[in-house]
Amino acid sequence: MPDPRGWKSETVMRRYVVLRLGQIVLTYFLFLVLIYFLLEALPGNFLGALFGESRLTAGQLDALGAQLGLQGSAAERFLQWMGGFLRGDLGISLSQYPRPVMEILAERAPRTLALFLAATLLSFSFGFFAGKILAMRRGTAFETTVTVGGITLYTVFTPWFALWLLWIFAYALRLFPVGKFITYEMWEAGAPDANAVFRHLLLGGLMLAMVAWAVFRRTARLIPARKRAVRTASIAAALLVFCGYWIVTGQAAYVLDILYHMALPVLTLTLISFGGTMLLTRSSMLETMREDYVLLARAKGLPESEIRDRHIARGALLPVVTTLVFSLAFAIGGGVITESIFSWEGMGYTLMEAVTLSDIPLAVGAMAFTGLLVLAAHLAADLLYAFLDPRIRYG
Amino acid sequence: MTRRMLTKFGLTFAILATLAGCGGAFQDKNVYRIGILAQPTAGNFWGIHAIANYWDLAVQSPMRLSLFGVSDQRFQIIPQLAADFASPLIPEGDAWVSTVKLRDGVRWSDGKPLTARDVAFTLNTALRFGLAGGNWSAWADADYLSAVEAVDELTVKFIYASKPGMARHEWGTLLASIAAEHYWQPLVEAAVEGMTGLERPAAGADDKIWEAYQARQAEAAEKLYALANKNEPVSGAFVFSKEEPGSFIELAANKNYFFSGVAFTGFENGAYQEEKPKGYSFAAYGTPEGEKSYAYKSGPFVSKTVYSVYSDLNAAVLALQSGEIDILLNPQGLPSGLAESVESDSNLEVVKNESVAFRFLAFNTRRDPMKDAAFRQAVATLLDREFLTDSILQGAAYPLHSFVPEANTAWHKPDLPRWGYLPDGTPMSREERVTKAVELLVAAGYSWSDDTIPVWDANNGVAAATGTLLLPDGEEVPALELLSLSYGYDPLRATFAIWTAQWLNEVGIPVRVKQLGFNALIARTIQEQDFDMFILGNQAGLFPSYLSDFWRSSEAVKGGRNAGGYSNRAFDQLSDQLLTCATYEECKPVADQIQVLIANAVPWIPLFDTGIYEVYNKRLAFPYTQTFGGLQYLYGLPSVVAIQ
Amino acid sequence: MTETVDRSIRSIRNFFPRLGGWFSLFRESRIGVIGVCGIAFFSLLALLHPILLGTVWDPKMYDPLTPSLPHPPPNPAPPSADHWLGTDPYGSDVLSQLMHGAGSALLLGTVAALVTVILATVVGAAAAYYGGLFDAVFMRLADLILMTPMLVILIFISTFFELKLLPLAVWIGVFAGLGGTVLVVKAQALAVKNRAYIDAARANGGSSGYILLRHIIPHLAPISLLYMMFTVTEAVFSEAVLSYFGLIDAKMTWGMMIHSAAVSGYLLRPEVWWLVLPAGASITLLCSSFYLVGRALDGIVHPRLRAR
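Residue numbers (the working numbering), protein chains in the order written: chain D, 1 to 395; chain E, 1 to 644; chain H, 1 to 308.
Read the hints as simulated data drawn from the structure, not as lab findings. Keep in mind that a hint or two might mislead.
[What the hints assert, rightly or not] Pairs of lysine-lysine, DSSO-like flavour, derived with a Cα cap of 27 Å: (1) Lys-292(E) - Lys-352(E); (2) Lys-164(H) - Lys-514(E); (3) Lys-436(E) - Lys-60(H); (4) Lys-157(E) - Lys-101(E); (5) Lys-276(E) - Lys-292(E); (6) Lys-101(E) - Lys-163(E); (7) Lys-297(E) - Lys-255(E); (8) Lys-251(H) - Lys-514(E); (9) Lys-514(E) - Lys-60(H); (10) Lys-101(E) - Lys-276(E); (11) Lys-163(E) - Lys-588(E); (12) Lys-514(E) - Lys-558(E).
[What the hints assert, rightly or not] A few chain E residues that don't get close to chain H, going by computed Cβ distances all over 12 Å: (13) Ser-71; (14) Gly-111; (15) Glu-149; (16) Ser-162; (17) His-182; (18) Thr-466; (19) Leu-579; (20) Thr-583; (21) Glu-585; (22) Glu-586; (23) Asn-617; (24) Phe-622.
Beta carbons are placed, not taken as given, at the ideal position from N, Cα and C, and that holds for glycine.
Using the sequences plus the hints, can you model the full thing?
The following block contains the structure:
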C-alpha cells in the first residue's frame, strides 16, 4: 500500500530535486549554446555599427577586429568564451571596451533587482488583495469599475504612460526627481559608493523578508489574537534593526535618497502590472470557491472570513504564486522601457544595448546570469505548488 | 488592515516629501550640469581612443590637450601645446621629418612641466602596442609614422617612413592627445615586463611573422587598456573628480590649466589671434585687424562640470525644464517636436545649426545598370529633393547638394554641377525631370521594351512608361532593390526611398523598396556588399580626406567604406594627391576637383540633412552659439562657458 | 476500443447542438456581447478602410503611409472636416492610419491569442496528465523560452522570418503558449488531475483522451482564456517594439503611429492629442474586448462559473 502522504516522503522529494537539478544543468548548457549561436547568426557584427561614426579604413577595421577577438569562426569564438565561462570569466564587453562583462553586470544587477523586486512584490500584493475583493463582490458596480480600471492600466501604452507620470510628478508637481537613482548634489566626493549602498540595501531587504517569512511560519498555529500581536512585534523589531543599521553607519540619508528615487518607477510599474494579477486572482478564486472542500468548510459552519482567507485564497494562490515566482525571476531581466525612461540603467537596458550593438560577450553574459535565475525560479515554483496544494504529487 | 496600510504609506510619503525639500539645499550654483544620453565607458586614456563613442569623447576632451587643435567657427589648424606651426616635411635619409616646438610653461595638473618627452612617449607607446581604433589609427598610423623623438625639452621630431600629406600629418598625428609620461611609463613597463616579440618585423617579412607580431601586440594592448588611471595628471581645463557608474561623472576645474585667461579672437578677414596676458601672442591666417567675428577669454569659469546620464530623450528634456541640467548634449540634437515644445519655456534657449551629418543614396557600381554613369545621372535627375523636403517632410529636412557641408567654408566648393536643376539653379519640374532623364538614357544607348519612350502625361501628372528599361545590349534591366531603414525607425530616409522608387518605376525602371533593420542593412551593404542601391547616413569630417575614403578603389573590399565598389582611375589619382598634398594651397584645388568629379559621376547622391536643434538653460553664457555641428560638436564648451 | 470510438462519436455529435446552447448562453452574458461588439467595431474599421480608399477618399490625400498630397504645413494639423482625427507630423491622415492599423492589430491579436490558448491548454494538460518524458521535454522547452528575453526572441524571429504580420502573430503565439502560459496551465492541471472526480471517471473506464477533454480541460479554460488578454496585449506591444527597431514589414500599425509621434518629440504634448490618444485608446479597447470575450467564454465552458 503506497504511503498516503506520498509526496511528503523524503526520498521521493529528494529524488525529484536531484532529477530536476540534472535537467537544469543540461538545459542551462543547451541554452548557452543556443543563445550564443543565435546572436552570432544575427546580421552584422560589432564593427558594422561603427560605420557611420568612425574614420576607419578596411585595413584599420581588420586590425581593430583582431584586437577585439572578432577574427575566426563563430564556433572558435564560442569555445573560447565557454572556456572563460567555466573559469568564471565572462569576457570583455565590446561596446564598453575594455570593461569586463562581469564588472558591468555587477554594477547594474543590484539596481535592477532593487527596483523590480520592490515593484513586483508590491504589484502582486496589491493585485492579489484587489482580486480577492473582486471575487467576493462579484456582479457589483464596484467590481466593474475596478476591473475596467485594472484593464485600462494594464493595456495602456507603457512608455507614454511612464512619461506622463514622470511629467506630472517630477515636472508639474516637482514632487519627485526626473528619474535616475541618486541626486548628484548629495553624492559628491566623500559620499559612499552608490552601488555598494544598493547591495547593502538588497541584502538588508532580503534578510528582512526571510525574518518575516520565518515569523509567519512559526506563528501560523497560534490563536488569532496572539498571532497578530506576536507578528506585529517581530516585524516592528526587525524594521527597527534595519533602520538602526543605516543610521549607525551614517548612510541613512543616502538610503533615503535612493528610496526617494525608487518611488516613482515603483509606482509606475505597480500601476501597469497589478491588473494582471488582480484578474488572475479573481478568476482563480471563483474557480476554487465552488470546490468541494469549500462546500465542506461552509457545511462545518466556519466564519466567512476564515473560509475566504484559509480555504479559497489558499487554493487560488496556486496560479498567482506561479506567476509571482516567475516575475521575480524576470525582475532581474528588468524592463527596458521603464529603465530607459527613468534613467535607471539596469539589466534590461544593458541587454537591449548589447543586442542592438551586437556586443555578444555582454549580451550572452547578461542572459547567462538571468537564465540561471529563471531556472532556479522554476524549480522553486514547482516545489511551492506541492506545498500549496496537498493533492499534487510528483513521481 | 487597510487603515494600517494607509497610515504606513502616508508616513513613508511624508518622509520622502520632506527629503524632497532637503534636496534643494545642496546646490552649488557654479556647476555646469550637462545631460548625456548614455554612460561613458570607464576605460583609460589608451582604451578610450580605441573605441570611443560620442559620450566617451565628451567627457574626455575637456581633460586633454593636443599638440594642435582647430580654431572656432572656421575650423582651421592652430597650435595648442605647440608654440607654432610644424616645420615643413624634409627628407632625412630614407625618412621624412618635421619638427614642432612646444609652448614653454605648460604644466600637468599635478604641477609637473609638460615636455617633449610626454609627446614622444605617447605616440611611441601607441606605435609599440599597435593601438588601432577610431583615433589611434589616425594619430599613430604605423604605415607612415615610424617614431617620435624628443630632441630637447621643448622640441619634438616626427619621423615618417613614407611621406605623409596634410591628411596624415597636420590632420592626423599632430592632433593626437598627449598623456603624461611620468605617470604612465612605470605602469606600462610593469605591465609588459617579460613580454617579447614586440619589435616590428622588417618590411618584407613573412605573413606568419606579421600575424604573430599582431597577436603579441593585441595581448600587450589589452594589458595597456586595463591599467588604472586614478589621479592621472592631465593638461586640459578639467581634472577627473568622481564617477558614480550609471549616474554621473564629475570633473573639477584644473588650476594649472595653461590657457586660463587667454583671449581668443577671430576676425572677419579670416585672421586668428591668441593672446596670453603677460605671456605670448600668436596670430595666423591673416592680419589680426578689423571687424571681429568672435572674441572671448578662456576659463574654466565653473568650479565643476557634471555629466548626468538620462537614458531617455524625453526624460532629459523634462530634466532641462525642471532645472536639473543646464544643457543636453546629443549628436542628433533634438527632434523638432521637442524643440518646439520647449521654445515657450522662458528659462530655456533653443538654437539651430547645420550638422556634420548627411544622408545619401549609394549605387552598387559593380552591377548593371548602376555601373553606367548615365543611369546614375538619370536617377539623380529624377530625384526631386525639394519636393520631399518642402512638401512632404515640410522642413524637417533640407536638401544637400554636396558631401562637403556649406558651413565647412574652408573646403566647400560652391556651384557644383547638379542634376535635376535648371541652369539658373531652380529645381526642375517633374515633366522637365522626366524629359531630361529620358534624354540621358537614350543618349547612353538605353531603350524601352515595346519600343516606347516614357512620355509625360500632363493629365494625370505622371510619366506612365508602358515598357521596362532595356540595357544598351538589349537585355531587360533586372528588378532592382533599394534598401532602406524602415519607416518606423527613420521616417525621413524611408520617405526618400519610397518616393525614389516610385519615380523610377514611373519611368520603367523596376525598383522595389526593401526595408531592413539597421544591423541587417549594414550587414548586407557594408559587410556583404550584396545590394543594388541603399540609403544611409554618414558624417563629414573637417578635412576632406574622408571623400577619398568613400570612393577610392582600395576601399572597395568587404567592410570598407566604398561599399558600392566605385572604381575610377582619375578619382584614385586625385585621392592619392589629396592624401599626400602638404599645404592648404596644394590641397584645396585637389579637393575641388574631387567634388566636381563626384558631382558629375554621382556614385552616391547626396540627399538631405536635418540640421541640429539644441537647448540650454539661459543661465549659461556662451561666446557664440552659431557653429558648424552645433554646441554638441564642441562638447558643450565647458572650458569657456560661464554661469550668470 | 470500439467503446472509446463510440463514446467519442457521441461526444462529437453532442457537440453541435451544444454549440447552439452555448451561443444562446453567450448572448445572455452582457460582458461577452460588449467584448464581441468591441472586436466587431475594429473589424469594421479594418474592412471599411480599403472601401473608403477606393471610393470616397482620394488616395493621394489619404494614403496611410505616403500620400502624394499631404496636408499642407503646419503639421501635425488638428482635426478638421477633411481629416477627422487630424494629421501626423508629415501630413498623413490619422484616421486612415488608425483604420489600416486596426486590421493589423486584429490579425495579430486574434491569431496570437488563439495559438497561445490552444497550445498552452493542450500541452499543459497533457504534461500534467501524462508526466514522464513528455512533461520533462515540454517543461524544459518552456524554461528555454522563459530564459530568453522577449526582445531577443523578437529580434531573432524577425531576422530569420522576414516579418510579415501573420507569421509574427503565429510565432508570438507559439512562444507565449509554450512559455510562461503552459507552466501556469500545467500547475492548474496538476491540481485538477488529483481530484476525486478524475479518479471516479477513470474508475468508470474513461480513456485518457476523454478524461483530458471532458474533465481536465474545462477546468483549465478560465486560466487559458484569461491569458488570452495577456497574449493579445503582449502581441500588440511586441509589434510596437518591433516597429521601434524598424524590424516589421508592415505598412502602418498602431505601434508605428505612437512611435513616430515619440520620435518626432510629440509624445508629451497634450495639445496634439490626436497623435497618441486614438492609437493608444484603440490598443486598450481592443485588448479589453478580448478580455471580456475571454471572460464570457469561460463562463460557458466551465459550468460551475455560470452566475446561476
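Hints, one by one, checked against the model:
1. With a CA separation close to 22 Å, the supplied pair Lys-292(E) and Lys-352(E) stays within the 27 Å bound.
2. Only pairs whose Cα atoms come within 27 Å are accepted, and Lys-164(H) paired with Lys-514(E) is accepted, the gap being roughly 13 Å.
3. At roughly 26 Å between alpha-carbon atoms, Lys-436(E) and Lys-60(H) fall within 27 Å of each other, so this suggested pair holds.
4. Proximity of Lys-157(E) to Lys-101(E) is assessed by CA-CA distance (about 9 Å); at most 27 Å being required, the pair is judged to hold.
5. A threshold of 27 Å between alpha carbons decides the hint, and for Lys-276(E) with Lys-292(E) the separation of about 18 Å falls inside it, so the pair holds.
6. Between Lys-101(E) and Lys-163(E), the direct Cα distance comes to roughly 21 Å. Compliance with the 27 Å bound is thereby established for this hinted pair.
7. Our distance criterion of 27 Å between C-alpha atoms is met by Lys-297(E) and Lys-255(E), whose separation comes to about 16 Å.
8. At most 27 Å may separate the alpha-carbon atoms for a hinted pair to count; Lys-251(H) and Lys-514(E) meet this at roughly 12 Å.
9. For a cut-off of 27 Å, the pair hint linking Lys-514(E) to Lys-60(H) stands: about 22 Å separates their Cα positions.
10. With a C-alpha separation of about 18 Å, the suggested pairing of Lys-101(E) with Lys-276(E) holds against the 27 Å cut-off.
11. The hinted pair formed by Lys-163(E) and Lys-588(E) meets the criterion: a straight-line CA distance of about 19 Å does not exceed 27 Å.
12. A distance of roughly 21 Å separates the Cα atoms of Lys-514(E) and Lys-558(E); the hinted pair therefore holds under the 27 Å criterion.
13. Residue-level check passed: Ser-71(E) sits 34 Å from the nearest beta carbon of chain H, beyond 12 Å.
14. The beta carbon of Gly-111(E) is kept farther than 12 Å from every beta carbon of chain H, the shortest such distance being approximately 48 Å.
15. Listed as outside the interface, Glu-149(E) is consistent with that label: its C-beta sits roughly 51 Å from the nearest C-beta of chain H, beyond the 12 Å cut-off.
16. Every CB of chain H is more than 12 Å from the CB of Ser-162(E) (nearest about 44 Å), matching its label as outside the interface.
17. Annotated as non-interface, His-182(E) keeps its C-beta farther than 12 Å from every C-beta of chain H; the closest such distance is 48 Å.
18. Look at Thr-466(E): its CB is around 21 Å from the nearest CB on chain H, clear of 12 Å, so calling it non-interface holds up.
19. Every CB of chain H is more than 12 Å from the CB of Leu-579(E) (nearest about 36 Å), matching its label as outside the interface.
20. The claim that Thr-583(E) is not at the interface with chain H holds, since no C-beta of that chain comes within 12 Å of its own (minimum 45 Å).
21. Taking the minimum C-beta to C-beta distance to chain H, about 45 Å, the non-interface status of Glu-585(E) holds against the 12 Å cut.
22. Every Cβ of chain H is farther than 12 Å from the Cβ of Glu-586(E); the closest lies at roughly 44 Å, confirming the non-interface assignment.
23. For Asn-617(E), the non-interface assignment is confirmed: its Cβ lies about 19 Å from the closest Cβ of chain H, beyond the 12 Å cut-off.
24. No beta-carbon of chain H comes within 12 Å of the beta-carbon of Phe-622(E); the shortest separation is about 23 Å.
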